[in-house]
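First to last, the protein sequences are chains A and B.
Note that my numbering has the first sequence beginning at 5, numbered continuously upward.
Note that my numbering has the second sequence beginning at 4, numbered continuously upward.
If you're looking for bench data, these hints aren't it; they were derived computationally from the structure.
Virtual Cβ for every residue (Gly too), placed ideally from N, Cα, C.
Among the clues, some could well be false.
[As the list claims (entries may be wrong)] One-sided excerpt, in silico: chain A residues whose CB lies under 10 Å from chain B:
(1) S7
(2) I11
(3) T14
(4) A91
(5) E102
(6) Y137
[As the list claims (entries may be wrong)] Footprint (simulated), chain A over chain B, 3 or more residues, beta carbon under 8 Å:
(7) 15 to 26
(8) 102 to 115
(9) 172 to 183
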Amino acid sequence: MASWTLIDETRETRVEAETAGGTPLLSPAAVRAAFDFELKPEGLCKGDICFPVRDRSALARAGGIDLGAFAELLGRPLAMDTEERVAVLGASPTERAERLASLQAPDFTLPDLAGKLHSLSEQRGKKVLLIAYASW
Amino acid sequence: MALDRNADDPRPYIERARPTHPSLIDSEHVLADLYHIINVPTVIWIDEGGRMVRPNDSQFGTDTFVQFHGKRSAPFLAAVRAWVREGRGVVPADQMRPQQLLPSPESQLARAEFTLAWHLHRAGRTQAAERHFLRAGELAPHDWTIRRGSMPIRGINPMGPEFFKLYEEWKAAGAPGYPVRPLEES
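Chain A with its partners taken away, still in its complex shape (with noise of 0.2 Å):
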């Protein structure tokens, strides 16, 4: 057993877990600290949301469940290094795709110089220009 630091989207959770192939495999209690997903009889689920689970032998080997199948499942792209042991679960593309095209413009969290937080959706009511820009 070794530590992975997992990260899904921008949240970090330290898992102890065996590697197998360069990836980890993950105990039910590790999944549900990093990702909040639970293998059930009816698929891998996350809340009342269900994926079903076709291999069920893919997903869950001898030592775990397997990160990269855990990822493809769920249409997630996988980003990870074996060495250092630390792998990111990032957003799904049919997600984000999807969400774009509602044209519901997303909600966003972030701070401001003095670290005070402002969300997007304080400013219903008014029209918003949204700028992203950047020093470089």
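Following the hints, position chain B against chain A.
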């Protein structure tokens, strides 16, 4: 929203401008991920009900870098005023979709690679981080938030030779960007 590695990089600009609107720091590229932003500046118009009424577009508030992008700021600023005062210039909902750039499996994997690289860099694992910054750039070769945005983190001058190399590469590829129709046609 500053897509910068920390608050200190944009701080002088914000302090000088003293904006009365929220001016936020997005060092994790949360906004880039949610809105599929591939370059800066990117502007999006959102109406009073929280609906996007003009999709991602590259527009400029000044003419400082007009020789690089060829877009004058005056038509954009006039369009924003006309939208705010008279509600003009919005893209009808049924015409939005073909004018939006939507994320792909490659572009989302590139963002995950960027997040991984940024995490490794902050953990002091700069060599490992470099592998993933490069991988992110290979997956999304025309995403400036990844390729140029990672330069200050990696100790590369974002105004130096690497920038000009990237700029020439981008121009040779036909200057890929957002598929929004020009403001003048709305």
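(message) Using the nearest Cβ pair, does S7/A come within less than 10 Å of chain B?
(response) violated (13 Å)
(request) Under 10 Å, Cβ to Cβ, is where Y137/A needs to be relative to chain B, so tell me if that hint holds or is violated. (result) At 4 Å from the nearest chain B Cβ, Y137/A passes the 10 Å test, so the hint holds.
(message) Restraint: A91/A near chain B, CB-CB cut 10 Å. Satisfied or not?
(response) It holds, given that the least Cβ distance between A91/A and chain B is near 8 Å, below 10 Å.
(message) Less than 10 Å between beta-carbons is the criterion; does T14/A satisfy it with respect to chain B?
(response) holds (5 Å)
(request) Apply the coverage criterion to the segment 15 to 26 of chain B and chain A: a residue qualifies when its Cβ sits closer than 8 Å to a Cβ of the chain, and three qualifying residues are needed. (result) holds (count 5)
(request) Take the segment 102 to 115 of chain B, compare each residue's beta carbon with every beta carbon of chain A, and decide whether three or more fall closer than 8 Å. (result) Satisfied; 10 residues make the cut.
(request) With chain B as the partner, please determine if I11/A meets the hint condition of a C-beta pair closer than 10 Å. (result) Holds - the Cβ of I11/A comes within 10 Å of chain B, reaching about 6 Å at its closest.
(request) Test coverage of the segment 172 to 183 of chain B by chain A using CB-CB distances below 8 Å; three residues minimum. (result) It is violated, with 0 qualifying residues against the three required.
(message) Does E102/A hold up as a contact with chain B if the rule is Cβ-Cβ below 10 Å?
(response) holds (9 Å)
Violated hints, in rising order: 1, 9; the structure is consistent with all others.
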